[in-house]
Amino acid sequence: MEGIKMSSSKSIMSTHIFSTDHKTIGKQFLFLGIFFLLFGGFQALLIRWQLAYPEQPVPWWLLGFIINGEAGMITPDVYNQLFTMHGTIMIFWAITPLLIGAFGNFLIPLQIGAKDMAFPTLNMLSFWTFFLSGVVLLSAYFLPTGAASGGWTSYPPLSLPAGGIPGLGQAFWTLSITLMGVATMMGAINYVITVIRLRAPGMTYFRMPLSVWGLWLTSILNVIFVPVIAAGLIMLLIDQLLGTQFFLAGRLAAGGGGDPLLFQHVFWIFGHPEVYILILPVWGIVSELLSVFSRKPAFGAKVTVICMSTIVVLSSIVWGHHMYTTGMSPLLGKTFMFLTLLISIPSSIFFFNWLATLWRGSLHFDPPMLHTMAVIWVFAIGGLTGLYNATVTADIYLHDTMFVVGHFHYTMAASVLFGGYAAIAHWYPRMFGRMLNPLLSKIHFWGTFITINLVFFNMMVTGYAGQHRRLYYPGEFEFLQPLADMNIFITIMAFFLGAFQILFLYNFIHSMLKGKVAENNPWKANTLEWTMDYPIPHGNFSTIPQVVNGPHEYSNPNIKDADWVCQTVKIEGDS
Amino acid sequence: MDQAIPMNKTFFGNATTGKLGMWLFIVMDGLTFGTIIIGGLGLRISAASWPVAGSILNVPLTAFNTFLLICSSFTMVMALNSIVKDDQKGLIKYLAFTIAGGVIFLGIQAWEYSHFIMGGEHLGNLLAAAGLPGSQFLPTTGIYGSVFYATTMFHGLHVLSGVIYLSVILSMALKQKFTSNNYDRLEIAGLFWHFIDLVWILVFTVIYLI
Amino acid sequence: MGKIKKYLPGIWFLDPPKDISLDGYRIDNVIQYTDFVITLYFGIVVAALIFFIWRYNARKHPHAVYDLGNTKKHRYLTIAMGLLVFFSIDVVIETMSFKDLKEAFWKFPKGEKVVRIEIMPQQYAWNIRYPGEDDIFGTDDDIVPPQNILHIPVNTPIVVQLTTYDVIHSFYLPNFRYKQDATPGMVTAMWFQATETGNFEFACAELCGNSHFKMKGYLTVESEEDFNGWIAAQDPEVSEEDEEDDWGDEEADEGVPTQWGWLWKELK
Amino acid sequence: MEDHKKTYFWNAIGLALLTVIEVWAIGLGLPRTGLVVLLLSITVTKIMLVALVYMHLRYETKTLRRLIALPIPLALFFLWGVMYDMAFDWTL
Ligand code: HEA
Ligand code: HEA
Ligand code: CUA
Ligand SMILES: [Cu+2]
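Protein chains in written order, with our numbering: chain A, 1 to 575; chain B, 1001 to 1210; chain C, 2001 to 2268; chain D, 3001 to 3092.
Hints are supplied without guarantee of correctness; some may be wrong.
Unchecked claim - Capping the alpha-carbon separation at 27 Å, the derived lysine-lysine pairs in DSSO-like fashion look like this:
1. 3006/D to 1089/B
2. 1019/B to 3006/D
3. 1093/B to 3062/D
4. 1177/B to 1089/B
5. 3005/D to 1089/B
6. 2107/C to 2265/C
7. 334/A to 2265/C
8. 1093/B to 3006/D
9. 1175/B to 1019/B
10. 2018/C to 2102/C
11. 302/A to 570/A
12. 442/A to 514/A
13. 2073/C to 334/A
14. 1019/B to 3062/D
15. 302/A to 3062/D
16. 334/A to 2268/C
17. 2102/C to 302/A
18. 1019/B to 1085/B
19. 1177/B to 3005/D
20. 560/A to 570/A
21. 2018/C to 2216/C
22. 2265/C to 560/A
23. 302/A to 2073/C
24. 3005/D to 1085/B
25. 2018/C to 2099/C
26. 1093/B to 3005/D
27. 1175/B to 3005/D
28. 442/A to 524/A
29. 2102/C to 334/A
No lab work stands behind these hints: they were computed from the structure.
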């Protein structure tokens, strides 16, 4: 008979470090993700400093002394390293572990009623490979020539030795992303199979909480598209190290030569789904939390699921919208524009469902709910601005400007970050047995919400005014000089934004040690993860629960004296 | 502490969890190979010229290699067939044959590579006839060399990991870990091995024959 | 307070660079239409949010209405919602955009009065080439002005072909709302037409290395006579017979490669 | 699981024969497209043989078979998109 081996040894090594318990691994991912989030955020602040005060050395409170440029000034190559590593770290080492690594691990088994992941050892290996990849990534900073500086897209030939970036930084970048991809693949196999195989009896696909749906669909995208980028990175890596010529062409290639466009295709075949990989967990979590805090079933949950699945399918065939200015053929340009715009149909449908969930609910504005509602706000802006980019003609102007940067920070940085904060606030009591301090959480929320909008909206404004991205010193151009004030304003707001994140960090750590001890089900939620006592033992459920309800039976008139009921409890009078 | 867990068997019949995992991995690996092969084809379409099949690469030798992999696939599946009938001896015998097949495959490939890398006058003439410079055929020999080496090297690494994987399985078999109702791991390893064969069939056609 | 006043106009009224092109208005129009509808939709979303927060907060509305939203009616409603967004935004901007592409951006002007220019960016400068007297590229009388200097006549279609000396660059003309990548190994093309004279800038929009930020060029739009005069004042490039795609220059990073240029390629 | 020795054996023979045909076919001097089509169809046949018999897909459920085949159309779309764009040029 198949079964899951759970070690009974109690040493620190096996319970905290090389643990195969999905909850521990989830927490490990969480800490790593928060570390990288702060690291990437710090780099963002340095980027902003340079954009606003290009001629001044970085002040001590931004750790100016670690910048080893001339007199603490950020030099062009340092600037390029900053945004390259910022983009890379945020996408692959902050958001991925935070949402997929941490909450994927923590939530999937608990919410579907499983004792652990399908392959616990693989799960542990996934974390440690991930960790290793992070070490490789950061160790590039110790190279004499510094880390990668070819942008997070790393387009060849710039990212090849022939492209003029000295040293091994680019190769470290490629290698670390490849390792990260391996870790992600291991995780993805685990999540997909766990959901297929280990759902508790009665937990049909449509009785799974929407958060599990989001994570599962994300994993499916990972399964399909991480291998694609892995292949691309292997080709890039041997181009960098062995001197093959996949992505070299023209004068730089000796004898024949490849095609740099191939890399762009491979990158975006993966890269576009990647952005949905990042946001699908958030969509799921938001759909779920809206229901909990409105005390009302998620409106049209099935339709939401179908919409998210449709987006999964559509996302894989729209990659060309990142390449409109490469000289694409009219046929492909039109096809990609049409397909891209199709995505707005399912998006607006589930968006409507979110709003309809609030309608006639009974809204409780606890911190998780605040962050969730913020997602609605920022994702509406981020998603709708995607439509400009999808339009071929508008994108010819907007491509590679700060407008695009604003668009993707709204969708990715703002929506995904708020989604992550909502998830942390919501499941914190389950992870650490204590509550986050609500007052600090609320201050953090409002501070973040206001400043993040001022930062990212104004980025779009500068982009529309013509400022292109990856620009060390915008003042170099006369037509950008009027934007100097705006850039300073954005930067100041970004500093406030950073300050509020420190507040979050304080709250996160302080509450872990001294916070109010949480009840078992503080939010009165239906799903299975709230049914056991804290700390949740290795193996989660002493007996596998029998599920009889969907996850959203809030305010069901058949429930007496409560507005919720656990998924395992039969509701009298319900068919 | 071993705990049996109820499985959701709908849709996938009696396929075990491990097997589903391996299938998923195979799909992923197939996509990786697919990307490399599609990339190679794309480059080939846009390349100015491309050496005629067989003008540089040794087709008969590689055809023998293909045959070898087919045989080892056959012995692999026979190993499974033996254990189903609880034939431990047969299992070990066939597994050993399979591993040997893989090792010989690698040996031939290494010989082919070393031949290309050492170069020589004859190879130089072949290359010149195909419009490529130099007397060695290296990964840096134009885009043709890049595509050839990347594809075959990636496949070769798979064979290597397959050989290691099967050696572990063999050592388990020697300890009599498999029985007629416990051979899941063997079957999973087999899937991986057959997949390597399957990919080679494609690589052989695309790189060597077309 | 004064400071805040200074920033506020900046926040909401930063204009894009002045449009001096024949077809730039098309891009502005599509953007303006999108501005308009998405503001509308976003307004609806915000209005709904505010209303729900005010009306349905737990204090005011302690008992939620049990509503799964899974009846046929609901399903049709949501689908109608999606289609509404699709037809009011997507279909409209798609039609506009396709029309613009067909009528302007993807329709290369043919005929006598077209000025043809070859541009080859390199790390970090723009090399520009005019065909010269005989109107054929790659001959002795080609005009190669100093790097980063681009002159064009007003009210005349300009067709540009691009390829790059090293890595990918992107020819970005903010005043024309246009950009086009220059990719190694291929020749890309674009066209535009100025409607106003003056001095402007163009930039490189694709990350190309440490001095990407400095990679700017000076565009002078002038009357036909001035342009002809300027061309006449340039020294024809002194070089031997130039072959197609022939820049056998060894140094990648310094100086202008002496031989470059390609026979003009016919466009679709 | 029953004894499939015979099936396995004949499958191997079939695969080997198809390989021989492939190698033989390239020497025939067929027109290029014909050759490519022929070789590719033989390859697909061989792949199917390995997948269905050796990898036991024949004996798995229909759902599994279909799911595994699902990435293939996707890969074909990629193939089309990428090759079309790489071969396309604005210049004639
Ligand atoms: C999580 C991340 C994320 C998400 C979700 C999206 C979502 C979308 N993105 Fe974005 N995008 C990125 C991350 C993301 N993007 C990144 C990182 C880049 C740049 C990478 C780089 O170059 O470095 C990028 C770049 C990018 C480009 C290329 C721009 C360029 O480089 O020139 C394009 C072009 O089409 C695009 C389009 C879209 C579209 C159409 C959507 C759609 O999915 C949006 C759909 C959503 C809606 C349409 C909104 C919902 C509907 C409503 C609110 C309607 C109102 C409803 C009611 C009234 C009920 N994106
Ligand atoms: C999920 C992804 C994500 C996230 C969360 C963010 C978050 C932020 N990003 Fe980032 N960004 C990207 C993904 C992301 N970004 C990508 C992909 C690119 C493109 C890269 C490329 O072009 O290749 C990019 C590029 C990019 C640029 C453009 C650079 C350029 O083109 O020249 C800018 C400029 O303003 C920017 C700013 C910010 C800011 C202000 C935040 C803020 O939201 C950050 C908020 C968080 C903090 C501020 C952390 C707080 C921590 C501290 C305060 C600790 C400080 C410690 C000490 C002082 C000791 N980002
Ligand atoms: Cu050239 Cu950027
Ligand atoms: Cu995209």
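Cross-check of the supplied hints:
1. Restraint check for residue 3006/D and residue 1089/B: the C-alpha separation of about 19 Å stays at or below 27 Å, so the hint holds.
2. Taken as a hint, the residue 1019/B and residue 3006/D pair is honoured in the structure, with Cα atoms around 24 Å apart against an allowance of 27 Å.
3. For the hint linking residue 1093/B to residue 3062/D, the alpha-carbon distance of about 33 Å lies beyond 27 Å, and the restraint is violated.
4. Distance restraint check for residue 1177/B and residue 1089/B: the Cα-Cα separation of roughly 13 Å lies within the 27 Å cut-off, and the hinted pair is therefore satisfied.
5. At most 27 Å may separate the alpha-carbon atoms for a hinted pair to count; residue 3005/D and residue 1089/B meet this at roughly 16 Å.
6. The hinted pair formed by residue 2107/C and residue 2265/C meets the criterion: a straight-line CA distance of about 16 Å does not exceed 27 Å.
7. Taken as a hint, the residue 334/A and residue 2265/C pair is honoured in the structure, with Cα atoms around 24 Å apart against an allowance of 27 Å.
8. With a CA separation close to 18 Å, the supplied pair residue 1093/B and residue 3006/D stays within the 27 Å bound.
9. Simply put, residue 1175/B and residue 1019/B have alpha-carbon atoms about 22 Å apart, close enough for the 27 Å limit, and the pair holds.
10. Taking the CA atoms of residue 2018/C and residue 2102/C, the gap is near 24 Å; set against the 27 Å cutoff, the hint holds.
11. A distance of roughly 21 Å separates the Cα atoms of residue 302/A and residue 570/A; the hinted pair therefore holds under the 27 Å criterion.
12. At most 27 Å may separate the alpha-carbon atoms for a hinted pair to count; residue 442/A and residue 514/A meet this at roughly 18 Å.
13. About 35 Å separates the Cα atoms of residue 2073/C and residue 334/A, which puts this hinted pair outside 27 Å; it is violated.
14. Distance check on the hinted pair: residue 1019/B and residue 3062/D sit about 15 Å apart at the alpha-carbon level, within 27 Å; holds.
15. As the CA atoms of residue 302/A and residue 3062/D are separated by approximately 25 Å, the hinted pair is consistent with the 27 Å bound.
16. Restraint check: the Cα-Cα separation between residue 334/A and residue 2268/C comes to about 17 Å, which is no more than 27 Å; the hinted pair holds.
17. Taking the CA atoms of residue 2102/C and residue 302/A, the gap is near 41 Å; set against the 27 Å cutoff, the hint is violated.
18. A C-alpha spacing of about 20 Å is found between residue 1019/B and residue 1085/B, which places the hinted pair at or below 27 Å, so the restraint holds.
19. Only pairs whose Cα atoms come within 27 Å are accepted, and residue 1177/B paired with residue 3005/D is accepted, the gap being roughly 23 Å.
20. For the hint linking residue 560/A to residue 570/A, the alpha-carbon distance of about 12 Å falls within 27 Å, and the restraint holds.
21. Between residue 2018/C and residue 2216/C the alpha-carbon distance is near 18 Å, which keeps this suggested pair within the 27 Å criterion.
22. Distance restraint check for residue 2265/C and residue 560/A: the Cα-Cα separation of roughly 79 Å exceeds the 27 Å cut-off, and the hinted pair is therefore not satisfied.
23. Note on residue 302/A and residue 2073/C: the hinted pairing holds, with a Cα-Cα distance of about 14 Å set against a maximum of 27 Å.
24. Distance hint between residue 3005/D and residue 1085/B is fulfilled; the C-alpha atoms sit about 11 Å from each other, no more than 27 Å.
25. Taking the CA atoms of residue 2018/C and residue 2099/C, the gap is near 23 Å; set against the 27 Å cutoff, the hint holds.
26. With a CA separation close to 15 Å, the supplied pair residue 1093/B and residue 3005/D stays within the 27 Å bound.
27. A hinted pair counts as satisfied when its Cα atoms are at most 27 Å apart, and residue 1175/B with residue 3005/D qualifies at roughly 25 Å.
28. Distance check on the hinted pair: residue 442/A and residue 524/A sit about 20 Å apart at the alpha-carbon level, within 27 Å; holds.
29. Restraint check for residue 2102/C and residue 334/A: satisfied, since their Cα atoms lie roughly 11 Å apart, inside the 27 Å limit.
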